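*Asks:* Take the sequence shown: its letter number 57 is residue 56 in numbering that gives the first Met the number 0, and every next letter is one higher.
Misleading hints may appear alongside valid ones.
To be verified - In silico DSS-like cross-links for lysine-lysine, where the CA-CA straight-line distance does not exceed 25 Å:
| no. | residue 1 | residue 2 |
| --- | --- | --- |
| 1 | LYS41 | LYS78 |
| 2 | LYS78 | LYS96 |
| 3 | LYS37 | LYS96 |
| 4 | LYS37 | LYS4 |
Honestly, the hints are just simulated from the structure, not real lab data.
Computed from a predicted structure; not experimentally measured.
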Amino acid sequence: MVMKKLTSIFTDDMDTCIFTGSPYVERHHVFPGVANRKKCEKYGFVAPLRYDLHPNGTRFNPTPENLQIDPYLRRECQKWYEENVGSREEFIQEFGKNYL
0 MVMKKLTSIF TDDMDTCIFT GSPYVERHHV FPGVANRKKC EKYGFVAPLR
50 YDLHPNGTRF NPTPENLQID PYLRRECQKW YEENVGSREE FIQEFGKNYL
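From just these sequences and the hints, can you work out the full model?
*Replies:* Right, here's the structure in full:
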(Lines of atoms letter the chains of each structure in order from A; the text may use other names.)
(Lines give C-alpha, C1' and ligand atoms only; values in the text may rest on other atoms or scores of the structure.)
Protein backbone atom coordinates (compact mmCIF):
# COMPACT_ATOMS: atom_id res chain seq x y z
CA MET A 0 0.00 0.00 0.00
CA VAL A 1 1.35 3.43 -0.97
CA MET A 2 0.83 6.18 1.58
CA LYS A 3 -0.51 9.50 0.38
CA LYS A 4 2.15 12.21 0.21
CA LEU A 5 1.14 14.65 2.92
CA THR A 6 2.71 18.04 3.55
CA SER A 7 2.74 20.00 6.78
CA ILE A 8 3.08 23.62 7.82
CA PHE A 9 4.91 22.29 10.90
CA THR A 10 7.73 20.31 9.29
CA ASP A 11 9.24 18.98 6.08
CA ASP A 12 9.89 15.61 7.76
CA MET A 13 6.61 13.72 8.02
CA ASP A 14 8.42 10.68 9.45
CA THR A 15 9.57 12.35 12.68
CA CYS A 16 7.45 13.57 15.60
CA ILE A 17 7.45 17.37 15.72
CA PHE A 18 7.65 17.33 19.54
CA THR A 19 9.94 14.42 20.40
CA GLY A 20 11.93 13.60 17.27
CA SER A 21 10.68 10.01 17.47
CA PRO A 22 10.43 8.03 14.22
CA TYR A 23 7.32 6.25 15.54
CA VAL A 24 4.65 8.58 14.21
CA GLU A 25 1.05 8.78 13.19
CA ARG A 26 -0.12 11.58 10.90
CA HIS A 27 -2.59 13.82 12.73
CA HIS A 28 -5.15 15.86 10.79
CA VAL A 29 -5.48 18.88 13.08
CA PHE A 30 -9.17 19.60 12.50
CA PRO A 31 -11.60 16.74 13.10
CA GLY A 32 -14.26 15.33 10.84
CA VAL A 33 -14.47 13.91 7.36
CA ALA A 34 -15.24 17.32 5.84
CA ASN A 35 -12.10 18.85 7.35
CA ARG A 36 -9.76 16.02 6.35
CA LYS A 37 -9.36 17.25 2.76
CA LYS A 38 -8.99 20.86 3.95
CA CYS A 39 -6.26 19.81 6.38
CA GLU A 40 -4.42 18.10 3.54
CA LYS A 41 -4.95 21.08 1.23
CA TYR A 42 -3.42 23.59 3.67
CA GLY A 43 -0.84 21.30 5.31
CA PHE A 44 -2.66 21.14 8.63
CA VAL A 45 -1.21 17.69 9.26
CA ALA A 46 1.34 16.93 11.97
CA PRO A 47 3.47 13.85 12.51
CA LEU A 48 3.05 12.91 16.16
CA ARG A 49 4.42 10.05 18.22
CA TYR A 50 1.59 7.55 18.71
CA ASP A 51 1.06 8.42 22.39
CA LEU A 52 0.77 12.14 21.53
CA HIS A 53 -1.76 11.63 18.71
CA PRO A 54 -5.07 12.97 20.12
CA ASN A 55 -7.20 10.79 17.82
CA GLY A 56 -4.97 7.74 18.14
CA THR A 57 -5.85 4.54 19.95
CA ARG A 58 -2.68 4.77 22.07
CA PHE A 59 -3.06 8.45 23.06
CA ASN A 60 -1.85 9.17 26.60
CA PRO A 61 -4.17 11.94 27.92
CA THR A 62 -1.78 13.67 30.33
CA PRO A 63 -2.43 17.36 31.12
CA GLU A 64 0.47 18.27 28.80
CA ASN A 65 -0.72 16.03 25.97
CA LEU A 66 -4.25 17.44 26.19
CA GLN A 67 -2.76 20.81 25.18
CA ILE A 68 -1.44 19.46 21.84
CA ASP A 69 -4.65 19.83 19.83
CA PRO A 70 -5.47 23.37 21.03
CA TYR A 71 -1.87 24.41 20.33
CA LEU A 72 -1.86 22.93 16.81
CA ARG A 73 -5.24 24.50 16.00
CA ARG A 74 -4.02 27.94 17.11
CA GLU A 75 -0.88 27.60 15.01
CA CYS A 76 -2.91 26.52 11.98
CA GLN A 77 -5.24 29.48 12.35
CA LYS A 78 -2.29 31.90 12.64
CA TRP A 79 -0.75 30.39 9.51
CA TYR A 80 -4.07 30.59 7.64
CA GLU A 81 -4.56 34.25 8.57
CA GLU A 82 -0.99 35.10 7.49
CA ASN A 83 -1.05 33.12 4.23
CA VAL A 84 -4.61 32.47 3.04
CA GLY A 85 -7.38 34.70 4.30
CA SER A 86 -9.07 36.58 7.11
CA ARG A 87 -10.21 35.36 10.50
CA GLU A 88 -13.79 35.44 9.24
CA GLU A 89 -12.82 33.22 6.30
CA PHE A 90 -11.05 30.81 8.64
CA ILE A 91 -14.12 30.60 10.87
CA GLN A 92 -16.32 30.06 7.83
CA GLU A 93 -14.06 27.26 6.64
CA PHE A 94 -13.27 25.53 9.97
CA GLY A 95 -16.25 26.60 12.08
CA LYS A 96 -14.52 28.21 15.05
CA ASN A 97 -12.00 30.81 16.16
CA TYR A 98 -9.09 29.21 18.04
CA LEU A 99 -7.19 32.43 18.82
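*Asks:* Take the hints in turn and mark each one as holding or not.
*Replies:* Tested hints:
Distance restraint check for LYS41 and LYS78: the Cα-Cα separation of roughly 16 Å lies within the 25 Å cut-off, and the hinted pair is therefore satisfied. Among the hinted pairs, LYS78 with LYS96 is consistent with the structure: their alpha-carbon atoms are about 13 Å apart, no more than 25 Å. Straight-line distance between C-alpha atoms of LYS37 and LYS96 comes to about 17 Å, which keeps the hinted pair within the 25 Å bound. For the given pair, LYS37 sits about 13 Å from LYS4 by alpha-carbon distance, which is consistent with the 25 Å threshold.
Checked against the numbered hints above, the structure breaks none of them.
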